[in-house]
Amino acid sequence: MTTIEKTTDEVLQLASAHFKVPREQLRADDDFFKTLGINSLQALDLLTRLEQHFHIELPDYELQGVNDFRTLAERIQSRL
Amino acid sequence: MKTFSGKTLSWGAADGTIELVLDRAPCNEIGSATLGELEQFVAALGSLEKDSHALIISSARKEGFCAGADLRELYRRSQAMPAGKRLASVREFLERIHRVMNAIDSAALTTIAAVHGVTFGGGFELALTCDLIVADKMARFCFPELRLGLIPGFGGIPRLKRDLGNAVVRDLLLTGRSINASKAQSVGLVSQVTAEGDALRVARATAAQVNKFDRDTAAAAKRFIKPVPREDLRREIDIFCDLFTRPAVGAGLRKFVESTDALPYLP
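If you read the protein sequences in the order shown, they are chains A and B.
Using the numbering used here, you'd call the opening residue of the first sequence number 1 and step up by one each time.
Using the numbering used here, you'd call the opening residue of the second sequence number 81 and step up by one each time.
Check each hint, because a few of them may be wrong.
Now the in silico label distances, taken between C-beta atoms and shown as ranges [stated by the list, open to error]:
| no. | chain 1 | residue 1 | chain 2 | residue 2 | range |
| --- | --- | --- | --- | --- | --- |
| 1 | B | Ala300 | A | Thr3 | 53 to 61 angstroms |
| 2 | A | Ile56 | B | Asp294 | 40 to 48 angstroms |
| 3 | A | Lys34 | B | Arg179 | 14 to 22 angstroms |
| 4 | B | Arg156 | A | Arg27 | 36 to 44 angstroms |
| 5 | A | Ile4 | B | Thr255 | 21 to 29 angstroms |
| 6 | B | Lys263 | A | Gln25 | 28 to 36 angstroms |
| 7 | A | Glu24 | B | Ala163 | 39 to 47 angstroms |
Computed list of lysine-lysine pairs in DSS-like fashion (alpha-carbon distance at most 27 angstroms, straight line) [stated by the list, open to error]:
| no. | chain 1 | residue 1 | chain 2 | residue 2 |
| --- | --- | --- | --- | --- |
| 8 | B | Lys217 | B | Lys241 |
| 9 | A | Lys34 | B | Lys335 |
| 10 | A | Lys20 | B | Lys142 |
| 11 | B | Lys142 | B | Lys263 |
| 12 | A | Lys6 | B | Lys263 |
| 13 | B | Lys142 | A | Lys34 |
| 14 | B | Lys263 | B | Lys217 |
| 15 | B | Lys335 | B | Lys165 |
| 16 | A | Lys6 | A | Lys34 |
| 17 | A | Lys6 | B | Lys306 |
| 18 | B | Lys165 | B | Lys241 |
| 19 | B | Lys302 | B | Lys335 |
| 20 | B | Lys142 | B | Lys87 |
| 21 | B | Lys241 | A | Lys20 |
| 22 | B | Lys292 | B | Lys302 |
| 23 | B | Lys263 | B | Lys302 |
| 24 | B | Lys306 | B | Lys217 |
| 25 | B | Lys82 | B | Lys165 |
Computed footprint of chain B on chain A, listed as stretches where at least three residues anywhere in the stretch have a Cβ under 8 angstroms from a Cβ of chain B [said to hold, decoys possible]:
| no. | segment |
| --- | --- |
| 26 | 36-45 |
| 27 | 56-64 |
Simulated from the structure, these hints should not be mistaken for laboratory data.
Every residue, glycine too, gets a C-beta built ideally from N, C-alpha and C.
Given these sequences and hints, build the entire structure.
Right, dumping it as structure tokens:
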């Protein structure tokens, strides 16, 4: 079974690779809008990539108010 | 006119396929300029159709296919107008865009939307006029209109209802959530999902395939299986106009326009 730690790590890896931010600069509690320097369109892009990576469907209203990697990973974990 | 290059879009025809390319920053929002050029395109369709079997609609903007109606223009135009004239102006815009959408929907061609990225609101509605939707795997589809206190106004609900089960239509409409290309394919909205950046190539290959068949037979098949839902489209305009006069809509549009985000589409 996938743990929340593993899910969080995969989210950070994916964000790092796609947005070209070194993995060591990303922490679970970071605000991903600020750390990655992304707008809502790029957040949508991240959502699509996460859905594909984890083979899940994550309605965007479940991400309302979510701006840190850890909570994002928890939302994903609840769909695995 | 065989080729056209305007401020918001361009078109050309070659080897039996017409290509209409949307290209207006930031993401092909449909305002009066785009509408005017779409009307020119529809006027030219009659002569373009004679030598063609297929039409591909795509976007040159990397952000996506089309983010829908130009809400900033709609808000500013409404604000600049006496209150008593706003509704008539909105209705006129809707009547015009419906004529364009209906013409593309009923064209005697096989029509293909090649979509990527943001395919929201009026952009989704434009894609729904096409016979086939070929989607880049990064495409997302959404009807965000209820967030503004409105319903889709460019023919979205009747066309979505024509193509999909009512439960999926209600989900998309009433939650305003966006879905990705593979989900869209699983519910029957998208016919092919492609790798990133490959939707137009696949749409062209599909157009080359349909060009092998007799044009009149394809047109007859299309008339048989894809009727334009004209009565529901009329009702949609009426409902949109009824909703548009409510204060909540003005407040929703103002919030959208004043947002500092590049593309404030997420809830």
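We went through each hint and held it up to the structure:
no.: 1; hint: Ala300(B) / Thr3(A): 53 to 61 angstroms; result: 58 angstroms, holds
no.: 2; hint: Ile56(A) / Asp294(B): 40 to 48 angstroms; result: 44 angstroms, holds
no.: 3; hint: Lys34(A) / Arg179(B): 14 to 22 angstroms; result: 46 angstroms, violated
no.: 4; hint: Arg156(B) / Arg27(A): 36 to 44 angstroms; result: 42 angstroms, holds
no.: 5; hint: Ile4(A) / Thr255(B): 21 to 29 angstroms; result: 26 angstroms, holds
no.: 6; hint: Lys263(B) / Gln25(A): 28 to 36 angstroms; result: 32 angstroms, holds
no.: 7; hint: Glu24(A) / Ala163(B): 39 to 47 angstroms; result: 57 angstroms, violated
no.: 8; hint: Lys217(B) / Lys241(B); result: 23 angstroms, holds
no.: 9; hint: Lys34(A) / Lys335(B); result: 22 angstroms, holds
no.: 10; hint: Lys20(A) / Lys142(B); result: 18 angstroms, holds
no.: 11; hint: Lys142(B) / Lys263(B); result: 22 angstroms, holds
no.: 12; hint: Lys6(A) / Lys263(B); result: 25 angstroms, holds
no.: 13; hint: Lys142(B) / Lys34(A); result: 22 angstroms, holds
no.: 14; hint: Lys263(B) / Lys217(B); result: 10 angstroms, holds
no.: 15; hint: Lys335(B) / Lys165(B); result: 22 angstroms, holds
no.: 16; hint: Lys6(A) / Lys34(A); result: 23 angstroms, holds
no.: 17; hint: Lys6(A) / Lys306(B); result: 48 angstroms, violated
no.: 18; hint: Lys165(B) / Lys241(B); result: 32 angstroms, violated
no.: 19; hint: Lys302(B) / Lys335(B); result: 42 angstroms, violated
no.: 20; hint: Lys142(B) / Lys87(B); result: 17 angstroms, holds
no.: 21; hint: Lys241(B) / Lys20(A); result: 41 angstroms, violated
no.: 22; hint: Lys292(B) / Lys302(B); result: 16 angstroms, holds
no.: 23; hint: Lys263(B) / Lys302(B); result: 25 angstroms, holds
no.: 24; hint: Lys306(B) / Lys217(B); result: 26 angstroms, holds
no.: 25; hint: Lys82(B) / Lys165(B); result: 38 angstroms, violated
no.: 26; hint: 36-45; result: holds (count 6)
no.: 27; hint: 56-64; result: holds (count 6)
In summary, the numbered hints that this structure violates are 3, 7, 17, 18, 19, 21, 25.
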